[in-house]
Structures are given as structure tokens and as C-alpha cells.
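Novice: The primary structure of each chain is shown beneath.
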Amino acid sequence: MHEYSIVQALLARVEQEARAHGASAVLRVRVRVGAVSGVEPELLACAYEFFRVRTLCERAELNIDRVEEQWACRACRTTVERGAVLLCPRCGAPARLIQGDEIMLERIEMEVP
Amino acid sequence: MCQSCGCGDTGVAALDIHDKVLAANDCMALHNRGHFARRGILALNLMGSPGAGKTAIVEATSSALKGRARLGAVSGDLATDRDARRLRQAGVPALTITTGSACHLDAAMVHRALDSFRSAALDIFVIENVGNLVCPAIYDLGQAANVVALSVTEGEDKPLKYPPIFRAADLVLLTKIDLLPHLSGLSVAAFEESLSHVMPEPRIIPISARTGEGISDWIDWITDRLAASSAVPSPQGEQQT
Chain A
0 MHEYSIVQAL LARVEQEARA HGASAVLRVR VRVGAVSGVE PELLACAYEF
50 FRVRTLCERA ELNIDRVEEQ WACRACRTTV ERGAVLLCPR CGAPARLIQG
100 DEIMLERIEM EVP
Chain B
0 MCQSCGCGDT GVAALDIHDK VLAANDCMAL HNRGHFARRG ILALNLMGSP
50 GAGKTAIVEA TSSALKGRAR LGAVSGDLAT DRDARRLRQA GVPALTITTG
100 SACHLDAAMV HRALDSFRSA ALDIFVIENV GNLVCPAIYD LGQAANVVAL
150 SVTEGEDKPL KYPPIFRAAD LVLLTKIDLL PHLSGLSVAA FEESLSHVMP
200 EPRIIPISAR TGEGISDWID WITDRLAASS AVPSPQGEQQ T
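Which chain is which? The protein sequence lines are A and B, in order. Note that the first sequence covers residues 0 to 112 in numbering that gives the first Met the number 0. Note that the second sequence covers residues 0 to 240 in numbering that gives the first Met the number 0.
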């Protein structure tokens, strides 16, 4: 259940940004989580509910944008189907994950004086 | 002014960040990586399920490299000092990182542990992660390579079920292959097939720490990596941390 540590890192970063901007509270936190990032959005949301208490994020809604897994050929950029052998169907070169492993803090909305 | 819905609320400010949530961990990992690079130490993050044979791999590695390379290790476990004790008995300077309830090691835990190895002259540093096929994959520790131990008894479908850790792997050590004859219908090829769906360039070495089979291939893999990591020149005058 590493979502707890992920949320702690998330809250630390958001609080740091909010304080640097003199915010009195954070109203919204938007994150982007890849389908194969190893982070489960439901568990992340659950951990967030638990840890946001008594932080600047106490009232902040957490929005999680999910990102699909996508593979493409390293050489010719042909799409490689998810679940297939990770080699290009055209040129045979190994595929590369082009999206789906991200755990990103995208944006925050804060209450400022 | 509010920039998200256009409501004109002057007390709301939006800030675009676009940064990794684990940026602080990555920063510490970078620091660890510099620490290893300056000393010409090859750092390996050894991951795998509980009981996959991670400690046995370190024992076998140490014995195979005796007189050729000096090993150090940290072992992450929720409780007990058993693995590090086993390794110390095998002559490997080793320390346990007791994580309490944490299911993985992070870069800061490894950094703190490195303090205890200040005086040890090492060539290879094995970070034996907490036995888990999920969480350790997410945390960069500053390693030069990720090695995943997968025992044959876990079944060939594990890469398909736990893709992130295998996708992050530079090498999969298929362990306990001496047990293969007892597992009907299972073969090294079945593991390779399964890995080809999650690892773009699957690299698998079948080994048995008990019979010694495949250990020389694994040692060759390490030796190649070691040559590459010791070839990195130490920056002059840089502060040692």
C-alpha cells in the first residue's frame, strides 16, 4: 500500500507550493496517474482522505486524471498494441512506453489573500 | 483571479506544476547515484517476491566473486535482522533497513544506511528491497540497474500480473531452476514468453543458488556492468558525501 507514501509526498509538495505563494488553503489538487504507474487511483483517493486532515489541503478536492498505457516503436514510432509482444510489428525494434507510467502533480488551486 | 471556471473569484489562484509527485525521492536517488558513481561502486536494486531467493542470490554472488570484487548489502524488511545476519555470516558487510510497515525502500532510507558503509571499500552494493512485486518498482534508489528475482515456483504468469516491476527491470534472474523438473508443464521458455509482453528487451538468466547452475552467467553480467561503472572517472575535488 505505497499509496500512503505517495500521498504524503504529494501533500508535502502541495503544502510547500501553497506556503511559497502565501496561500491560506488549497482548494483543489489535480494529479495525473498512469495506468501502469503502479498506483491505484482508488487507493490514492482513499489515502488522500486520510492524510489531508489538518493540512492546508483539508478542504481540497483531489482530481485524478487517468492516463492510458501506450507503447510505440522506438525507431519508427508505429503503435504497438497493449498486451502484445513489445516489438514493432513493422520493423521489429523494441517498443517504448510513451505514456502510462506517470505519477504527476499537475496543478493546484489555492485560496490567496 | 480564479483561472479554472472563470467565476472571477479574486481569492483563488491556480498554479500549474507538472512535476513528478515523487520528485523529492528522485532528487535523493540522484544524490545516492552520485555517491556510488564517485566511488566506482555498482549499485544494484534487487527486487522480488518474499521467498524468491534474493538473499540466496547475494550469498551466491559474494562467494562467486570472492577475491575479485567486494560486496556490501542492505536488506529491507518489515521486521527482523535475519537477511543481513545471513549475509554477514557469508562475509558480506550488511545492514538491515527495518521499514516497520512500509512495503518498499525509498532513496532516503538507502541514503541513511549508506552512512554505515563509509569506511567500507566496496565494488558492488546490493540493495535487497522489501519482498514485494508491486511497491518497490516505483521508487528510484540511485541504483545503476534493477534486478528482479523471480522463482520458478511463482509461475510464469507473474510478469503479466505485475507488469511495472518487470518493465523497470534491467535483468530478471529466474531462480530455483533446480525445481523446474518438479513443475509439470513449466519451462524457461514460458517465462521468456510472458516477459516479452511487459519488457521490451527481455533479459533473463536462469539460475540455481543451490546447484550453482547459471551463476557464472550472472557473474558475467555483473562483471560487464562493473567494468562500465568503474570506468567512470571521479570528478576531481568534488566533495565526498
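Hint data in this document are derived by calculation from the structure and do not stem from the laboratory. Remember, it's a predicted structure, so these values are computed and weren't measured experimentally. Note that CB positions come from ideal geometry on N, CA and C, so glycine has one too. One should not assume that every hint holds.
[Said to hold, decoys possible] Covered stretches of chain B, as calculated for chain A (at least 3 residues, CB under 8 Å):
# : stretch
1 : 40 to 49
2 : 58 to 68
3 : 99 to 105
4 : 194 to 201
[As the list claims (entries may be wrong)] Interface residues of chain A toward chain B, partial, derived using beta-carbon atoms under 10 Å:
#  : residue
5  : Y3
6  : I5
7  : E14
8  : H20
9  : S23
10 : P40
11 : V66
12 : E68
13 : W70
14 : V84
15 : P88
16 : R106
17 : M109
Novice: Decide, hint by hint, whether the structure agrees.
Specialist: Here is how each hint holds up against the structure:
1. Evaluation of the coverage hint for the stretch 40 to 49 of chain B: breached, as 0 residues show C-beta separations to chain A shorter than 8 Å, against a requirement of three.
2. Counting residues of the stretch 58 to 68 of chain B whose beta carbon lies closer than 8 Å to any beta carbon of chain A gives 0, which falls short of the minimum of three for the stated coverage.
3. A stretch counts as covered by a chain when three or more of its residues have a beta carbon under 8 Å from one of that chain; for the stretch 99 to 105 of chain B and chain A the count is 4, and the coverage holds.
4. Restraint check on the stretch 194 to 201 of chain B versus chain A: 6 residues with Cβ-Cβ distances below 8 Å, three needed, restraint holds.
5. Hint status for A/Y3 relative to chain B: holds, with the closest Cβ pair at about 8 Å, below 10 Å.
6. Taken as an interface hint, A/I5 checks out: its beta carbon lies about 6 Å from the nearest beta carbon of chain B, inside 10 Å.
7. Because the closest C-beta pair between A/E14 and chain B is about 12 Å apart, greater than 10 Å, the hint is violated.
8. Among the interface hints, the one on A/H20 holds; its C-beta lies about 7 Å from the nearest C-beta in chain B, closer than the 10 Å criterion.
9. At about 9 Å, the closest approach between the beta carbon of A/S23 and any beta carbon in chain B falls short of 10 Å, and the interface hint on this residue holds.
10. Hint status for A/P40 relative to chain B: violated, with the closest Cβ pair at about 13 Å, above 10 Å.
11. Taken as an interface hint, A/V66 does not check out: its beta carbon lies about 13 Å from the nearest beta carbon of chain B, beyond 10 Å.
12. For the restraint placing A/E68 at the interface with chain B, the shortest Cβ-Cβ distance is roughly 9 Å, inside the 10 Å limit, so the hint holds.
13. A least Cβ separation of about 8 Å between A/W70 and chain B falls short of the 10 Å threshold, and the interface hint therefore holds.
14. A hinted interface residue such as A/V84 counts as satisfied when its beta carbon comes closer than 10 Å to some beta carbon of chain B; here the least separation is about 5 Å, so the hint holds.
15. For A/P88, the shortest C-beta to C-beta distance to chain B is roughly 13 Å, which exceeds 10 Å, and the interface hint is violated.
16. Hint status for A/R106: holds, given a least beta-carbon distance of 5 Å to chain B, under 10 Å.
17. With 10 Å as the threshold, the beta carbon of A/M109 comes within range of chain B, its nearest partner Cβ sitting at about 5 Å, so the hint holds.
Checked against the numbered hints given earlier, this structure breaks hints 1, 2, 7, 10, 11 and 15; the rest are met.
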